[in-house]
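Start from the sequences and build out the full structure, keeping to the hints where you can.
Quick mapping for you: the protein sequence lines, in order, are chains A and B.
Letter 218 of the first sequence, counting from 1, is numbered 269 in my numbering, and no numbers are missing.
Letter 26 of the second sequence, counting from 1, is numbered 77 in my numbering, and no numbers are missing.
Incorrect hints may have been included.
What the hints assert, rightly or not - Within a straight-line C-alpha distance of at most 30 Å, the following computed BS3-like cross-link-like pairs (lysine-lysine) qualify:
no.: 1; chain 1: B; residue 1: K325; chain 2: B; residue 2: K234
no.: 2; chain 1: A; residue 1: K234; chain 2: A; residue 2: K293
no.: 3; chain 1: A; residue 1: K325; chain 2: A; residue 2: K234
no.: 4; chain 1: B; residue 1: K325; chain 2: A; residue 2: K246
no.: 5; chain 1: B; residue 1: K325; chain 2: A; residue 2: K325
no.: 6; chain 1: B; residue 1: K325; chain 2: A; residue 2: K234
no.: 7; chain 1: B; residue 1: K234; chain 2: A; residue 2: K325
no.: 8; chain 1: B; residue 1: K79; chain 2: B; residue 2: K246
no.: 9; chain 1: B; residue 1: K246; chain 2: A; residue 2: K325
no.: 10; chain 1: A; residue 1: K234; chain 2: A; residue 2: K269
Quick caveat, the hints were computed from the structure, so don't treat them as lab data.
For clarity, every value in this text was computed on a predicted model and none was experimentally measured.
Protein chains: 2
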Amino acid sequence: MTDAIADDAPYGEEHKQRAADWFAEVQKRLCARLEELEQSVQVHELNEAFEPQSFERTSWDRDGGGGGTMAVLRNGRVFEKAGVNISVVHGEFSEEFRDRVPGAREDPRFWAAGVSVVIHPRSPLVPISHMNTRMIVTTEGWFGGGGDLTPVYPDPEETERFHDAFRDACAPYGDDYYDRFSKWCDEYFYLPHRKETRGVGGIFYDNHATGDWETDFKFTQDVALAFVSVYPDIARDKMNLKWTPEQRLAQRVKRGRYVEFNLLYDRGTIFGLKTGGNTDAILMSLPPDVAWP
Amino acid sequence: MTDAIADDAPYGEEHKQRAADWFAEVQKRLCARLEELEQSVQVHELNEAFEPQSFERTSWDRDGGGGGTMAVLRNGRVFEKAGVNISVVHGEFSEEFRDRVPGAREDPRFWAAGVSVVIHPRSPLVPISHMNTRMIVTTEGWFGGGGDLTPVYPDPEETERFHDAFRDACAPYGDDYYDRFSKWCDEYFYLPHRKETRGVGGIFYDNHATGDWETDFKFTQDVALAFVSVYPDIARDKMNLKWTPEQRLAQRVKRGRYVEFNLLYDRGTIFGLKTGGNTDAILMSLPPDVAWP
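What follows is the structure, encoded as structure tokens:
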């Protein structure tokens, strides 16, 4: 990173390094937990054609500064495609983005690091899920992130369990955090053209900077930890169930809604593609097998 | 349509009616030609599980004015999904669009009619194709449209044949039409994040109003006629060939690029979804079976 932007704490070099190290740690822990499920799922006639898989890691450099490591598990027994990507990038915003990003008008340089997760299970009974946490530095600095669940067949107990995990993660940091961030999630993951939510929610937060970097960082760590803990448990509960061809088709159609959301509305996707991000890493979120019948 | 906008010829009531009638005629002719192919394809082990299908028509009304008729052929022997949609709509542009559409700043009311076609063949050896022609009226009036071809396996002879059809359609109207409109097509159907063109081109034109409505209408008719003539011939030439599973996967991946283009970049799609168009009709363009491996 260049010297001019927020190198003094908070959001200085030491904090950037700690955030980047943490995102790598999240990648490591989550990949390990998902690989464990690949090994422990029961074999039945619907998944026996697929071997348990592990994550393959590919590092990439970004033109203009920084890079990342994609960890992708493909064609597994539980997970048809799961991506757990980390990146640490820096550069300059194009004119188009300078008015849209806090602190970028004064100086277009930015630094950004994060971990981004999208999981597409093979079984239509195991929910799709997404988690992202990130730290951004311009002339300002902040955290953002969240996690959300997209079941094909919503199950109230499962939904509650997922929300509880994030409610618990939010509780120590502010009485209103969970309410605000779960509402933000519902608003964000909405497809106006379908008049549908993408899934059953979770939390979403952005531009989060209370003035106390340590606490904001710890909150962001706890959000990721909540996901690393709850999602594999949810997947484990459903992964041994058998499904029908009708359920599989419903899943492929639901995945189509996921694609529509990501390409039409998701700011992270559109922002990444338009600022020279790594296309393969960004579009790792797209499902492996989709139907628009 | 209300009385205040361009009701005097050109782009008045009589011209609107003639344009709308013509788009319905295009739908009728193209559907008939595609249905003919469904009946005449040779049966082999890759298509024998599928019966020849015909188009099903569904009419819809638009909140705010007008409506359309979707003609969709699903799960056929030659065509996995083909949509030939017509619509005649009117309404008012939201504030967001008034500066983007010629003539809408002065008065936000619009009238628009068109025919829009997307064809997804079952065989990866038969090219995907798209055609659209439309007439738009605000305080100004114009035509737009074009046709383009997206083969999974480009074939120079086939590409030339497709381009020749549009070159011939353009020739009587202006020496530079084909060159300008084929270049416009290449520029329009480009995926910057993939550094790929969507297909092998064709023509694309918009805001077309020379001051001579009759001639501009006839040009737009000839563009549609070129497509109705050339695409079924191209499909017929390849529809009896057998394909491999690898070719099928390549097709499903190519269809993913098609989805990326339509949802990230296509002005018609985004415009339609954001102006209260019929979601099912607009997203009829999305392929039936897609892979992002």
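Here's how the hints hold up against the structure:
1. For the suggested pair K325(B) and K234(B), the alpha carbons sit about 28 Å apart, so the restraint of at most 30 Å is met.
2. The suggested pairing of K234(A) with K293(A) is violated, with an alpha-carbon distance near 33 Å, which exceeds 30 Å.
3. With a CA separation close to 28 Å, the supplied pair K325(A) and K234(A) stays within the 30 Å bound.
4. Between K325(B) and K246(A) the CA atoms are separated by roughly 12 Å; this keeps the pair inside 30 Å, and the hint holds.
5. With a C-alpha separation of about 21 Å, the suggested pairing of K325(B) with K325(A) holds against the 30 Å cut-off.
6. The suggested pairing of K325(B) with K234(A) holds, with an alpha-carbon distance near 23 Å, which does not exceed 30 Å.
7. This hinted pair checks out: K234(B) and K325(A) have alpha carbons roughly 23 Å apart, not beyond 30 Å.
8. For the proposed pair K79(B) and K246(B), the alpha carbon gap of about 37 Å is over 30 Å, so the pair is violated.
9. About 12 Å separates the Cα atoms of K246(B) and K325(A), which keeps this hinted pair within 30 Å; it holds.
10. Restraint check for K234(A) and K269(A): the C-alpha separation of about 22 Å stays at or below 30 Å, so the hint holds.
The structure is inconsistent with the numbered hints 2, 8, although it conforms to all the rest.
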